[in-house]
Amino acid sequence: MLEQIKHTAAFIQERIAGFRPEVGIILGTGLGGLVEHIDVKHAVEYADIPDFPVSTVEGHRGRLIFGLLGGRRIVAMQGRFHYYEGYTPQQVVFPVRVMKMLGIERLFVSNASGGTNPTFRVGDLMVITDHINLIPNPLIGRNLDELGPRFPDMKHAYDPALIALATEIAGRERIKLQYGCYVGLTGPTFETPHEYGYVRAIGGDAVGMSTTPEIIAARHMGLPCFGVSIITDLASDESVSHEIVQQQGRRAEAEMSRLFIGMLERLA
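Here our numbering is used: the first residue of the sequence shown is 12, the next is one more, and so on.
Everything labelled a hint here was simulated from the structure, so no lab data went into it.
Don't be surprised by glycine CBs; every beta carbon is placed ideally from N, CA and C.
Careful, some of the hints might be misleading.
Stated by the list, open to error - Simulated restraints on C-beta separations:
| id | residue 1 | residue 2 | range |
| --- | --- | --- | --- |
| 1 | A58 | R31 | 20 to 28 Å |
| 2 | A58 | P129 | 41 to 49 Å |
| 3 | G233 | T178 | 20 to 28 Å |
| 4 | R161 | S247 | 36 to 44 Å |
| 5 | G152 | R183 | 40 to 48 Å |
| 6 | A172 | R31 | 16 to 24 Å |
| 7 | P147 | P204 | 18 to 26 Å |
| 8 | S247 | E25 | 47 to 55 Å |
| 9 | E25 | L278 | 22 to 30 Å |
| 10 | K17 | S252 | 35 to 43 Å |
| 11 | E157 | E254 | 21 to 29 Å |
| 12 | E47 | R161 | 38 to 46 Å |
| 13 | G44 | D164 | 31 to 39 Å |
The whole structure should be built from the sequences, with the hints applied where relevant.
Printed below as a string of structure tokens:
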């Protein structure tokens, strides 16, 4: 796996002509609109990258975008990978490993999620302060010592300094933020009423089918992480569909884009 990561990173480096990203961004379902704000320098289709997975879910475009955003050099994943697509946990986090090899120093992630906190409303932005991972852990198996330790500390999976910066930017931009714990489930089914109740009972404020494996891999490699969930449906809703999730995500992504851009502008 390590040789695959290095080989893929070397291939991409040749395609991007020495561009070195500082921040990696993973865009969730229906949240690809942030790309419109990027001064794009290079774009590489996932299908053209050796050993790279390919997005199979509607709402995930399937390409790496390299460019400038908020005055920072970034690489954005326009589309992520999920365990429910049939990929192994190691394949799901492969792009995070590659982005680290390309030079990123921080990772920003976004997702569309279901709100289990009764105070949340559809369209809210929830800053992820912690998570509960119920997806198979991507670190299971032989540890790659060159990437990180056998037993990484996850006490600060979501960087307190980045959360504080987001709070400051949100106050200045008048963006309403919620804060809470994200629970990662395998999917691809949306949750039953009792599963929503279970998520709430164990401390979850929002639930989705991604993010936690990526954060685990990023922290394994020492990357500070920041995450935002857009609440696209609620546990109290009578029904939910992938189309509804995408629609609500697109409606809220403008505020998320403002938040990300403001944070990038202020990064030390």
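For each hint, the structure was consulted:
| no. | hint | result |
| --- | --- | --- |
| 1 | A58 / R31: 20 to 28 Å | 24 Å, holds |
| 2 | A58 / P129: 41 to 49 Å | 42 Å, holds |
| 3 | G233 / T178: 20 to 28 Å | 24 Å, holds |
| 4 | R161 / S247: 36 to 44 Å | 42 Å, holds |
| 5 | G152 / R183: 40 to 48 Å | 44 Å, holds |
| 6 | A172 / R31: 16 to 24 Å | 22 Å, holds |
| 7 | P147 / P204: 18 to 26 Å | 25 Å, holds |
| 8 | S247 / E25: 47 to 55 Å | 51 Å, holds |
| 9 | E25 / L278: 22 to 30 Å | 28 Å, holds |
| 10 | K17 / S252: 35 to 43 Å | 41 Å, holds |
| 11 | E157 / E254: 21 to 29 Å | 43 Å, violated |
| 12 | E47 / R161: 38 to 46 Å | 41 Å, holds |
| 13 | G44 / D164: 31 to 39 Å | 35 Å, holds |
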